[in-house]
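Enquirer: Build out the structure end to end from the sequences listed, making use of the hints.
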Amino acid sequence: MHSRFQLLLLGWLLLFSTANAGEICRPTALKCEYLITPLGVDAAHPRLSWQQADERKNARQTAYQISVSEDLATLQTKPLWTTGKINGSTRLTNYTGKALQPFTKYYWSIEIWDQDGKKTPATISWFETGMVNSANWKGAWISDNTDIALKPAAQFRKTFAAEKQIKSARAYIATGGLYELYINGQRVGNQRLDPMYTRFDRRSLYVTHDVTSLLQQGQNAIGVILGNGWYNHQSTAVWFFDKAPWRNRPTFCMDLHITYTDGSSAIVSSGKDWKTALGPIVFNSIYTAEHYDARKEMPGWNTANFDDSKWQSVIYRAAPSMNIVSQQLHPIENVEEIAAQSLKQLNDTTWLFDLGRNISGVSKLSVQGAPGTVIRLIHAEQLNKQGFADLSNIDVHYRPTDNTDPFQTDIFTLSGKGTETFMPKFNYKGFQYVEVCSNNPIKLTRESLVGYFMHSNVPAVGNINSSDTIINKLWWATNNAYLSNLFGYPTDCPQREKNGWTGDAQIAVETGLYNFDGITIYEKWLADHRDEQQPNGVLPSIIPTGGWGYEWGNGPDWTSTIAVIPWNIYLFYGDTALLAASYDHIKKYVDYITSISPSGITTWGLGDWVPVKSKSPVPFTSTAYYYADALILAKTAKLLGKNSDYLTYSTLANKIKSAFNKEYLNSNTGVYAEGLQTEQSVALYWGLAPDNLKSKIAKVLAESVVANNYHLDVGLLGTKSILNALSENGYPEVAYKLAAQKTYPSWGYWIVSGATTLFENWDINRSSDLSRNHIMFGEIGAWMYKGIGGIYPDELAPGFKNVRLSPSFPEELTHFSVSHDGPYGKISSSWQKEGSKIIYTVNIPANSGATLSLPEKLRRSIYENNKQVIVPATGLPLGAGIHTLEIKI
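If you're matching positions, the sequence shown starts at 1 in the UniProt record's numbering and goes up one per residue.
Treat the hints loosely; a few may be bogus.
FRET-style restraints, in silico, Cβ to Cβ [said to hold, decoys possible]:
1) K888 x S695: 19 to 27 Å
2) P690 x N865: 38 to 46 Å
3) T469 x P855: 21 to 29 Å
4) I86 x E55: 58 to 66 Å
5) P872 x V396: 53 to 61 Å
6) D354 x G641: 51 to 59 Å
7) S614 x W552: 20 to 28 Å
8) W552 x G879: 50 to 58 Å
9) K662 x G88: 41 to 49 Å
10) P459 x L383: 43 to 51 Å
11) S767 x D348: 40 to 48 Å
For lysine to aspartate or glutamate, the following EDC-like pairs were computed, each having C-alpha atoms within a straight-line distance of at most 16 Å [what the hints assert, rightly or not]:
12) K635 x E795
13) K833 x E856
14) K613 x D531
Because the hints were derived from the structure by calculation, they are not lab data.
Just so it is clear, CB atoms sit at the ideal spot from N, CA and C, and this is done for glycine as well.
Expert: Now the structure itself:
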């Protein structure tokens, strides 16, 4: 009765909240640890956040009160913990009450007071704790074997009885490798490739599932399939993941917690009473493909009535790591189904499907055929001259020891039992084309195969639209490339490598954060950084790694991710937690660079990777990042109250800046080094250029771009800086023409050449080593928000508490609109040219503000409601709400 009363009460409270949805002001977007009603929360002091829904001009929060309780009925009257009324406008705080108990649902409410001192009704949400401590696991780690060369995937099962009516049930599962979980024949959840890739011998993740609806009173069955993932890498390539120190046959540990309606509970755990057998997945590799023999299927293997008398006993295994923590992030999913755009029959046994766009993910084939028919599905980004799938651009680092594991080629053997469907469980690929060939003739139609765009399903938080179709397509292609390279960690490409290249990620982090709510992925990946850092502070160039990357490609121009990404999370979310968690590691990293670079100039690094023709010296670009790291460290020290460190690293940053300018800057001409596009722009973007010389330095950069007919002459590092340096130093028109360029070398050249993602190389006619789905040149996606839309975070009021607005109005554009859903709500900035004026409309969410900056020539040409508005040099303050300004040009 108590449970039923709680449900009725929750329904009434939610109805009450809904009934007040039309109120002028209310709390909304309640999240715990940046997720909506998460399960498995292990944080001792979880972060609680909210927004103020209020469309009034200058709307703001003046106070808030949070209450937390295990009992919904007493949430408002006798809570477990309450903040009391806290004056202020914060929208993020931590639970600081008594220690949270494991496996417990906690309700929390938020009330806010508006600018008039009026209190809103409470909005209610909840979160649920998980293991909290690794000692709370009951299950044993089990497997079927210890042979790392054994190819077929193991299946596991257990039956049990639930004799009472079930109120709720949670499954907690941790694995070395990947898993799919089934209860009573039904797959649990929509996630793919769980749990996420980590440095398995230092940290393992567990996943929590609500399985209440899948259980039944009476007999039940649990089924588990284990895949290799990165834990047992059987394919061989130049990164030696097959020699990773953690490598072993996949294993898992599971606890199923059942709560009955009478208040009693039970735990069903992994142990010796489970049984195992090899299944129809005869080979699986996260790197290459999956092979499936439908003749080996065992219908009903994961149901209670299945006869498992011929199955084997399991064996006990040691845990990959004793550090087992909850996976708290947006999971990988099959996010979008993509129909084939065309189908060609190339010969009697070969067909070619074209999805019409490049994606990361899998294909699903439905087909009929004779028993034993072997079908190969070759996934490629390009075709050869004969029209067949061509893997030559992406298989260059693969080192197969035989021909049994062809690259990006699934192998499906038919059982001959009607229409059969195959989709890999433990692999993904990068592809546009699927060549389907068989040893026996088969009949296919365009509907026989679909593709699934698969990636971490981070919510979209940005949008761009303009009068320039190239800009629009570039934004879409950049997002496709970003998502194609997000699998619980940022990767370089979804086919050739799937590696967490640090350089690619630090270049693209702002693009990711403007467009997607990616904090949970980046927080996980920075934990990977902390796991991988050597005692001397060195980080590998790819993270996670099985050992490769500590001696190549890992200078500050790449592995500055340890500082750059936490700093950007702070700017975009206003949250210092990741900076605090990373602080000692940033410090250790900067101290190492200092130890090998006593002059302030460092020679450690990879340099401006894949330049068009001119490459800046490695010491130039690496020292710029060394400076950025030292400056971020100093600023973080100040934020965290570490005053001595602030003085130390501020001094270091100044030393580096002074050494850099002494070494490379000609003060008379404004030329850095050889005056290359990368050199001029890097110095401006990363803040190394002296204030009194910025205009001269920017002029040299702009003249270089114009002299090159608005074409790029940069590599990876230069693409991060060049558009921003131009836009932010008086040359937005030059930046736009460079960004919208349609001929080689440029981003737009890829688009007019048919690209639906970003490429790895400016030259699209290279015969090899040209991934067609790379994010490393992806800063242009962030620049669109900044350089044209004018939306910037404010370091002094981060998390878009104050929005820095600095739009530009390129001559060739007639309209441009951009929006970003920030921590306080949706920010939008849009403009439309109408004759000799521009109508500029901006929307600032409640509880935040903005500062509008415009070029000097426009500051006295602004009107609002037909009244002139003077924009000071320091910027025009704008409160929350919609502002429509008329700019005369």
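Enquirer: Would you mind marking each hint as holding or not holding in the structure?
Expert: Each hint, compared with the structure:
1. At roughly 26 Å, the beta carbons of K888 and S695 sit within the given window of 19 to 27 Å.
2. For the pair P690 and N865, the beta carbons lie near 42 Å from each other, so the given range of 38 to 46 Å is met.
3. Our hint of 21 to 29 Å for T469 and P855 holds, since their Cβ atoms are close to 27 Å apart.
4. Checked against the hint of 58 to 66 Å, the pair I86 and E55 fails, with Cβ atoms roughly 24 Å apart.
5. Between P872 and V396 the CB atoms are about 56 Å apart, so this pair conforms to the stated range of 53 to 61 Å.
6. About 58 Å separates the C-beta atoms of D354 and G641, a value consistent with the hinted range of 51 to 59 Å.
7. The hint said 20 to 28 Å for the Cβ distance between S614 and W552, and at roughly 23 Å that hint holds.
8. A C-beta distance of roughly 52 Å is found between W552 and G879, which places it inside the suggested range of 50 to 58 Å.
9. At about 46 Å, the beta-carbon gap between K662 and G88 stays in the expected band of 41 to 49 Å.
10. Against the hinted window of 43 to 51 Å, the Cβ-Cβ separation of P459 and L383 comes to about 35 Å, which falls outside the hint.
11. At about 30 Å, the beta-carbon gap between S767 and D348 misses the expected band of 40 to 48 Å.
12. Taken as a hint, the K635 and E795 pair is honoured in the structure, with Cα atoms around 10 Å apart against an allowance of 16 Å.
13. Annotation: proposed proximity of K833 to E856 is violated, straight-line Cα distance about 19 Å (limit 16 Å).
14. About 37 Å separates the Cα atoms of K613 and D531, which puts this hinted pair outside 16 Å; it is violated.
In summary, the numbered hints that this structure violates are 4, 10, 11, 13 and 14.
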